[in-house]
Amino acid sequence: MSANDGHVVGVVKLVDNGPDTERWNLVIVGDGYQEGELAQYHVHTQHFVDRLRSTAPFSEEFGGINVYRIDVVSLESGADDPGCAGGPVVIAKTYFDATFCSSFHGEMLDRLLTVDEALVLSVSNDHVPRKHYAVCIVNSPTYGGSGGSIATCSVHAQSATIAIHELGHTAFGLDDEYGGNEDDIPPGEPAKPNVTRDTNRATNKWRALVAASTPMPTQCNPACVGSGCVAPPAPPPPAAVGTYEGAMGKDCGVYRPMMSCYMRELGRPFCLVCAGVIRETLQDFQPQ
Amino acid sequence: MPSRRTLRLTFRSSSGGIEMLSVERLQMTTPPQPGERPQAGKYGGYWFELRGEAGDVLAYRVIGVSVLNSVVVHSPEGSPQRLFGESRNIVFEVLLPDIDSARTATLVGNPIEPGERVSKPSADLATFELFPPPQGENR
Chain A
1 MSANDGHVVG
11 VVKLVDNGPD
21 TERWNLVIVG
31 DGYQEGELAQ
41 YHVHTQHFVD
51 RLRSTAPFSE
61 EFGGINVYRI
71 DVVSLESGAD
81 DPGCAGGPVV
91 IAKTYFDATF
101 CSSFHGEMLD
111 RLLTVDEALV
121 LSVSNDHVPR
131 KHYAVCIVNS
141 PTYGGSGGSI
151 ATCSVHAQSA
161 TIAIHELGHT
171 AFGLDDEYGG
181 NEDDIPPGEP
191 AKPNVTRDTN
201 RATNKWRALV
211 AASTPMPTQC
221 NPACVGSGCV
231 APPAPPPPAA
241 VGTYEGAMGK
251 DCGVYRPMMS
261 CYMRELGRPF
271 CLVCAGVIRE
281 TLQDFQPQ
Chain B
1 MPSRRTLRLT
11 FRSSSGGIEM
21 LSVERLQMTT
31 PPQPGERPQA
41 GKYGGYWFEL
51 RGEAGDVLAY
61 RVIGVSVLNS
71 VVVHSPEGSP
81 QRLFGESRNI
91 VFEVLLPDID
101 SARTATLVGN
111 PIEPGERVSK
121 PSADLATFEL
131 FPPPQGENR
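Taken in sequence, the protein lines are chains A and B. Numbering follows the numbering used here, with no gaps: position 250 of the first sequence is 250. Numbering follows the numbering used here, with no gaps: position 131 of the second sequence is 131.
Hints in this document: simulated from the structure, not taken from any laboratory. Every residue, glycine too, gets a C-beta built ideally from N, C-alpha and C. Any given hint could turn out to be false.
DEER-style ranges, computed between Cβ atoms [as the list claims (entries may be wrong)]:
| # | chain 1 | residue 1 | chain 2 | residue 2 | range |
| --- | --- | --- | --- | --- | --- |
| 1 | A | T21 | B | S119 | 41 to 49 Å |
| 2 | B | F131 | A | D50 | 41 to 49 Å |
| 3 | B | V57 | A | P235 | 36 to 44 Å |
| 4 | A | G86 | B | K42 | 30 to 38 Å |
| 5 | B | R37 | A | C224 | 25 to 33 Å |
| 6 | B | R37 | A | L38 | 43 to 51 Å |
| 7 | B | R25 | A | A212 | 42 to 50 Å |
| 8 | B | E19 | A | P237 | 47 to 55 Å |
| 9 | A | G83 | B | R37 | 42 to 50 Å |
| 10 | A | N181 | B | Q39 | 26 to 34 Å |
| 11 | B | R25 | A | G18 | 15 to 23 Å |
| 12 | A | V8 | B | G16 | 25 to 33 Å |
Which chain A residues face chain B? A few, computed with CB under 7 Å, are given here [what the hints assert, rightly or not]:
| # | residue |
| --- | --- |
| 13 | L109 |
| 14 | R111 |
| 15 | G148 |
| 16 | G173 |
| 17 | G188 |
| 18 | A191 |
| 19 | K205 |
| 20 | A208 |
| 21 | T281 |
Just need the whole structure built from these sequences, with the hints factored in.
Below, the structure is given as structure tokens:
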């Protein structure tokens with residue numbers, strides 16, 4: 001269940017929009033594909049690329065992106081599944097050691113699909129030295145994925161959205177926009193561009209996108225007592241950029257720019273602030 | 001003008017701390033860092049600062065907390081959930097512009113103490129000398 005369990009076949013430049021020195025270079029690797037399944041891997045890779053290409057604002061900026069596909073053969077198909085969700089235990093000898101039920105903080109999480117990220121980075125850099133970011137597609141129909149230094153997703157129909165969300169974190173520095181019970185939010189104004197504690201329209205970091213008619217804060221979570229959020233008398237206009245309570249895994253006292261966003265709910269459009277950050281990042285990679 | 005020369009710094013994070021594994025100098029475009037530049041003490045989170053001889057900040061890169069002490073569990077039925085815990089054992093990369101006057105890369109952020117909440121203001125956490133690199137290569 002390691003690099004001894006397969007080999008790297010080679011690399012193909014799948015999307016060629018220009019020299020690697022000037023483009024944003026995305027690398028895709030696969031895990032859990034046997035030699036006879038590489039054609040399937042190529043289809044899965046293309047599906048992911050198509051999904052990314054059709055997701056705004058990547059759709060508008062795709063001319064600045066190169067995509068490489070690294071073909072990797074594993075001895076066995078699929079991924080490890082220790083059976084933490086009650087299913088049968090499956091062990092698969094794969095090159096990047098993909099496994100569901102990865103352990104975090106002493107708990108096995110059935111949908112937490114991880115691979116050997118250091119090995120993915122190493123193989124990616126060896127074959128595409130000017131790589132900016134890597135995604136690993138795992139040959140399993142079970143829903144799962146993870147983020148970190150790379151994005152990992154299975155071939156479940158909805159799993160590609162995990163990789164795009166995680167790309168938002170690692171490649172574009174975006175934070176989560178969903179709430180939760182997390183108490184471990186660091187003190188201070190968040191460094192990330194799409195979350196804030198500041199509801200003052202004169203100083204808020206995305207104030208340029210806030211209309212004068214939009215109340216600030218824009219929406220409070222009624223369950224939050226003592227967060228300091230004062231609810232506006234009227235609900236905000238639909239799709240207004242403002243400050244909506246709940247972000248960074250915390251329900252109270254931290255704010256996101258819009259009701260809905262890919263960084264809050266997978267598959268939704270990126271909010272205007274996140275889309276702006278992605279667009280601004282990829283602008284420097286566009287052909288002149 | 002975007003920088004066409006990039007430093008790729010590779011780190012290993014674990015409960016024992018963070019070590020720099022390599023520095024690579026690459027002929028490739030450095031992604032810009034949108035947003036306000038965070039300042040220690042005022043901002044929360046984690047970022048690397050590329051500093052010159054006098055400690056002046058030449059560039060910075062905000063990094064995700066997910067590389068340090070949390071994971072996201074996704075669900076096809078609804079919103080993801082972020083779980084925090086002890087420091088992860090992970091290798092991660094940071095891209096910064098390759099500027100001749102750069103001397104160090106400093107990780108700035110809120111101290112993570114084992115078993116404690118992240119409650120202290122952000123400060124310099126670790127500084128790494130860039131040259132000569134610990135290992136790595138020119139590409």
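Here is what the structure says about each hint:
1. A:T21 - B:S119: 41 to 49 Å: About 44 Å separates the Cβ atoms of A:T21 and B:S119, which means 41 to 49 Å holds.
2. B:F131 - A:D50: 41 to 49 Å: Roughly 43 Å apart at Cβ, these two residues keep to the hinted range, so it holds.
3. B:V57 - A:P235: 36 to 44 Å: At 42 Å between Cβs, range holds.
4. A:G86 - B:K42: 30 to 38 Å: 47 Å, violated
5. B:R37 - A:C224: 25 to 33 Å: Given range 25 to 33 Å: holds, Cβ gap about 30 Å.
6. B:R37 - A:L38: 43 to 51 Å: For B:R37 and A:L38 the Cβ distance comes to about 45 Å; the hint holds.
7. B:R25 - A:A212: 42 to 50 Å: Hint holds: Cβ distance 48 Å, inside 42 to 50 Å.
8. B:E19 - A:P237: 47 to 55 Å: Between B:E19 and A:P237, where Cβ atoms are some 50 Å apart, the hint holds.
9. A:G83 - B:R37: 42 to 50 Å: 47 Å, holds
10. A:N181 - B:Q39: 26 to 34 Å: Taking Cβ atoms as reference, A:N181 and B:Q39 lie about 29 Å apart, which means the hint holds.
11. B:R25 - A:G18: 15 to 23 Å: 21 Å, holds
12. A:V8 - B:G16: 25 to 33 Å: Taking Cβ atoms as reference, A:V8 and B:G16 lie about 31 Å apart, which means the hint holds.
13. L109: 5 Å, holds
14. R111: This hint holds: A:R111 lies near chain B, its Cβ roughly 6 Å from the closest one there, short of 7 Å.
15. G148: 6 Å, holds
16. G173: 4 Å, holds
17. G188: With a minimum Cβ separation of about 3 Å from chain B (threshold 7 Å), the hint on A:G188 holds.
18. A191: 4 Å, holds
19. K205: This interface hint holds because 6 Å falls under the 7 Å limit.
20. A208: Nearest chain B Cβ about 12 Å off; hint violated.
21. T281: This interface hint holds because 5 Å falls under the 7 Å limit.
Violated hints for the displayed structure, listed by number in ascending order: 4 and 20.
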